[in-house]
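Student: Protein chains in written order, with this note's numbering: chain A, 479 to 767; chain B, 2 to 318; chain C, 1179 to 1278.
A portion of the hints provided could be inaccurate.
Claimed, not checked - Below, computed lysine to aspartate or glutamate pairings styled on EDC-like, alpha-carbon distance capped at 16 angstroms:
{"id": "1", "chain 1": "B", "residue 1": "K238", "chain 2": "B", "residue 2": "E168"}
{"id": "2", "chain 1": "B", "residue 1": "K308", "chain 2": "A", "residue 2": "E724"}
{"id": "3", "chain 1": "B", "residue 1": "K182", "chain 2": "B", "residue 2": "D241"}
{"id": "4", "chain 1": "B", "residue 1": "K175", "chain 2": "B", "residue 2": "E243"}
{"id": "5", "chain 1": "B", "residue 1": "K306", "chain 2": "C", "residue 2": "D1214"}
{"id": "6", "chain 1": "B", "residue 1": "K33", "chain 2": "B", "residue 2": "E96"}
{"id": "7", "chain 1": "A", "residue 1": "K562", "chain 2": "A", "residue 2": "D595"}
{"id": "8", "chain 1": "B", "residue 1": "K247", "chain 2": "B", "residue 2": "D259"}
{"id": "9", "chain 1": "B", "residue 1": "K24", "chain 2": "C", "residue 2": "D1247"}
{"id": "10", "chain 1": "B", "residue 1": "K306", "chain 2": "A", "residue 2": "E724"}
{"id": "11", "chain 1": "B", "residue 1": "K182", "chain 2": "B", "residue 2": "E243"}
{"id": "12", "chain 1": "B", "residue 1": "K157", "chain 2": "C", "residue 2": "E1231"}
{"id": "13", "chain 1": "B", "residue 1": "K306", "chain 2": "A", "residue 2": "E668"}
{"id": "14", "chain 1": "B", "residue 1": "K311", "chain 2": "A", "residue 2": "E724"}
{"id": "15", "chain 1": "B", "residue 1": "K182", "chain 2": "A", "residue 2": "E766"}
{"id": "16", "chain 1": "A", "residue 1": "K647", "chain 2": "C", "residue 2": "E1220"}
{"id": "17", "chain 1": "B", "residue 1": "K24", "chain 2": "C", "residue 2": "E1252"}
{"id": "18", "chain 1": "B", "residue 1": "K24", "chain 2": "C", "residue 2": "E1250"}
{"id": "19", "chain 1": "B", "residue 1": "K181", "chain 2": "A", "residue 2": "E766"}
{"id": "20", "chain 1": "B", "residue 1": "K175", "chain 2": "A", "residue 2": "E766"}
{"id": "21", "chain 1": "A", "residue 1": "K634", "chain 2": "A", "residue 2": "E695"}
{"id": "22", "chain 1": "B", "residue 1": "K311", "chain 2": "C", "residue 2": "D1214"}
{"id": "23", "chain 1": "B", "residue 1": "K308", "chain 2": "C", "residue 2": "E1239"}
{"id": "24", "chain 1": "A", "residue 1": "K563", "chain 2": "A", "residue 2": "D592"}
{"id": "25", "chain 1": "B", "residue 1": "K287", "chain 2": "B", "residue 2": "E96"}
{"id": "26", "chain 1": "B", "residue 1": "K308", "chain 2": "C", "residue 2": "D1214"}
Calculated from the structure, these hints are not laboratory results.
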Amino acid sequence: MNPNSTPDSYRDPIPNSTMELLTYTLQLADNALIIGHRISEWCGHGPVLEQDIALTNTSLDHLGRARSLYQYAAEQFNKLPVEKKTEIFSSVALQNLVSTAVQVQEDDLAYLRDGWDFKNVLLLEQPNIDWAYTIARSFFYDAFNFLLFSGLLKSKDETLSAIAEKSLKEVTYHLRWSSEWVIRLGDGTEESHSRMQKAIDELWMFTGELFVADDTEKVMAQQGIGIDPLSLQDAWMAIVKSVFGEANINIPAGAWMQQGGKEGRHTEQLGYILAELQFMQRAYPGMEW
Amino acid sequence: MTVHSFQAHFDDLIDREVTIEPKDWMPDDYRKTLIRQISQHAHSEIVGMLPEGNWITRAPTLRRKAVLLAKVQDEAGHGLYLYSAAETLGVSRDELYDQLHSGKAKYSSIFNYPTLTWADMGAIGWLVDGAAIMNQVPLCRTSYGPYARAMVRVCKEESFHQRQGFEIMLTLSKGTEIQKKMAQDSFNRWWWPSLMMFGPPDAESPHTAQSVRWRIKRLTNDELRQKFVDVTVEQAKVLDLEMPDKEIKWNEERGHYDSGPINWDEFWNVVKGNGPCNKQRLETRKRAWEEGQWVRDAATAHAEKWKARKAKGAVAA
Amino acid sequence: MEEQKINKNEWPLWEVFIRSKAGLDHKHAGSLHAADAQMAMENARDVYTRRMEGVSIWVVESKYIHASDPAEAESLYDPANDKIYRHPTFYNLPDEVKYM
Chain A
479 MNPNSTPDSY RDPIPNSTME LLTYTLQLAD NALIIGHRIS EWCGHGPVLE
529 QDIALTNTSL DHLGRARSLY QYAAEQFNKL PVEKKTEIFS SVALQNLVST
579 AVQVQEDDLA YLRDGWDFKN VLLLEQPNID WAYTIARSFF YDAFNFLLFS
629 GLLKSKDETL SAIAEKSLKE VTYHLRWSSE WVIRLGDGTE ESHSRMQKAI
679 DELWMFTGEL FVADDTEKVM AQQGIGIDPL SLQDAWMAIV KSVFGEANIN
729 IPAGAWMQQG GKEGRHTEQL GYILAELQFM QRAYPGMEW
Chain B
2 MTVHSFQAHF DDLIDREVTI EPKDWMPDDY RKTLIRQISQ HAHSEIVGML
52 PEGNWITRAP TLRRKAVLLA KVQDEAGHGL YLYSAAETLG VSRDELYDQL
102 HSGKAKYSSI FNYPTLTWAD MGAIGWLVDG AAIMNQVPLC RTSYGPYARA
152 MVRVCKEESF HQRQGFEIML TLSKGTEIQK KMAQDSFNRW WWPSLMMFGP
202 PDAESPHTAQ SVRWRIKRLT NDELRQKFVD VTVEQAKVLD LEMPDKEIKW
252 NEERGHYDSG PINWDEFWNV VKGNGPCNKQ RLETRKRAWE EGQWVRDAAT
302 AHAEKWKARK AKGAVAA
Chain C
1179 MEEQKINKNE WPLWEVFIRS KAGLDHKHAG SLHAADAQMA MENARDVYTR
1229 RMEGVSIWVV ESKYIHASDP AEAESLYDPA NDKIYRHPTF YNLPDEVKYM
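Construct all of the structure, not just a fragment, from the sequences and the given hints.
Tutor: This is the structure in structure tokens:
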């Protein structure tokens, strides 16, 4: 994705910035889809009816955002010259689609890309395990998202800024909900406290990746389209510390952080998610549903 | 007032179609029948989340995924409205859960059938929700106020469920050969259990007369079933699907479709627990409840601690 | 509300009142369970406003609601029956009088 690597860029600079925007949008979309998918697994299995409903609302917010972003990413993708299109995603299914010269749609990007082309952070693909893990995962992400979309309101890209405006309302509520549950579990019973602390301890190593900017994020930040995630880290830590303080939860000592999601190097979890998520589209290609 | 005059007053309200409210005097039988019927309905909603919930992670498009998720969530909401209505009769939701989990309470047998393909999301919406709506619409005017109000809310929300199901079936039946096969296969499997949803034939349904008087029920099982057959045959034509019942035939004289015999032996067996998924469904519900205990306890403990701290003035109101 | 068999572990029951749009009264929407007021408010939002049904929510723990006794309905409400002079249509005014 080096802007000087292809001769095309000399004649036509648009495809390259389109590439960056595409990758950036996909990263946002993949995050939304994967967390939405994970949370949707709770539907029908929640600890109490009211919270089952609450969690599903959140899942629907994430999936709704994923759709808007995939639609926008599809627009970017369709603008690319055909040789670029065949170069970006290596899945046979998408290659076939590109070769027939049809325009890709939101679903093609969600259902026909292989795991290594997914850009979501590792945190979000981690399994639900129990209510405490689910809450911890959401809380880490909601706090990040709240800051990210607050920043993206000012994006020079109008579509992203419009999506940010809608998302920020949703995420503000998500953060409130997950913060309260961190506090409830942390402060509740001995059992809930130890479960909450354990979930925080085990998921902590997946939080670092949120703040490590990849090349795309750097370029997008420079252009005023995206946000450099590193710039959000202090504010994120302040939210975490304040909620943990009320919840009587300790910040884990471990400093080693996992990463790789943004480059498509995932944990084993993503494969299983995609096996379910993409099953229909892969088993019955090219059909309307 | 004597019990007799209470009864007379109650009967008078029923006959004048005046709504009965929680604090009104009501005969024990009425209360019991209502608790049984409302809780059965509530249980059906939450057990009913499971067969469709199966396909949330496998829905074929993002739009379908969101719609299915919203639909299954609605079922949780319907369960909640109905449990709330039952609670006004002096029974707690936890007690009702106990009855479900211990196998004492029943839920609609249809949810003991498996969802094997994506087309089942269509068939359930079209047939199962269609049958449910037919059962439920008359209950919006049932004699017990909280139940009637819950049903108004349920029916309002339910109308999108059947439409989305039919839309899935329509898409499949207009799709490729394999999609059409999927739709027909699903129709074949869900047709008979859907007919059974209306309950045993009137001749074998002991509570019907009393329940009709109390407006807990407004049409008999067989009347509703006939209505369902009549509309569904026409809808199947639009879908260009074959009726799974080969004996379906228009009867000019009756002005209704005649249909083949229902396998009531299968029905009673599924009711008794011998359906393909009875055990699995109940275990899933029990597991969710038991694994949620520590979460519910934590919230209670936190609420109590917070109240105590507030009383001590340690936190701002 | 009638004192119900309380399960010690069950979250208390709350009544939910929703204002469907600015300018209207809050109206009873239904009930739900929640561990505390904050959660009750959020549960009400998640359960009862999924279809844009509301712009404002009240929640009150059900046990704090005092309800009138239906057995006293006659003595409570019937006396209002003969006070028709409380209604504007009771008064005959000449047609020429406008805006009143």
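Student: Does each hint hold? Answer for all of them.
Tutor: Evaluated hints:
no., hint, verdict
1, B:K238 / B:E168, "14 angstroms, holds"
2, B:K308 / A:E724, "15 angstroms, holds"
3, B:K182 / B:D241, "12 angstroms, holds"
4, B:K175 / B:E243, "14 angstroms, holds"
5, B:K306 / C:D1214, "11 angstroms, holds"
6, B:K33 / B:E96, "14 angstroms, holds"
7, A:K562 / A:D595, "15 angstroms, holds"
8, B:K247 / B:D259, "11 angstroms, holds"
9, B:K24 / C:D1247, "7 angstroms, holds"
10, B:K306 / A:E724, "12 angstroms, holds"
11, B:K182 / B:E243, "11 angstroms, holds"
12, B:K157 / C:E1231, "12 angstroms, holds"
13, B:K306 / A:E668, "13 angstroms, holds"
14, B:K311 / A:E724, "14 angstroms, holds"
15, B:K182 / A:E766, "15 angstroms, holds"
16, A:K647 / C:E1220, "15 angstroms, holds"
17, B:K24 / C:E1252, "15 angstroms, holds"
18, B:K24 / C:E1250, "11 angstroms, holds"
19, B:K181 / A:E766, "12 angstroms, holds"
20, B:K175 / A:E766, "9 angstroms, holds"
21, A:K634 / A:E695, "14 angstroms, holds"
22, B:K311 / C:D1214, "13 angstroms, holds"
23, B:K308 / C:E1239, "14 angstroms, holds"
24, A:K563 / A:D592, "15 angstroms, holds"
25, B:K287 / B:E96, "13 angstroms, holds"
26, B:K308 / C:D1214, "9 angstroms, holds"
Every hint from the earlier list agrees with this structure, and none is contradicted.
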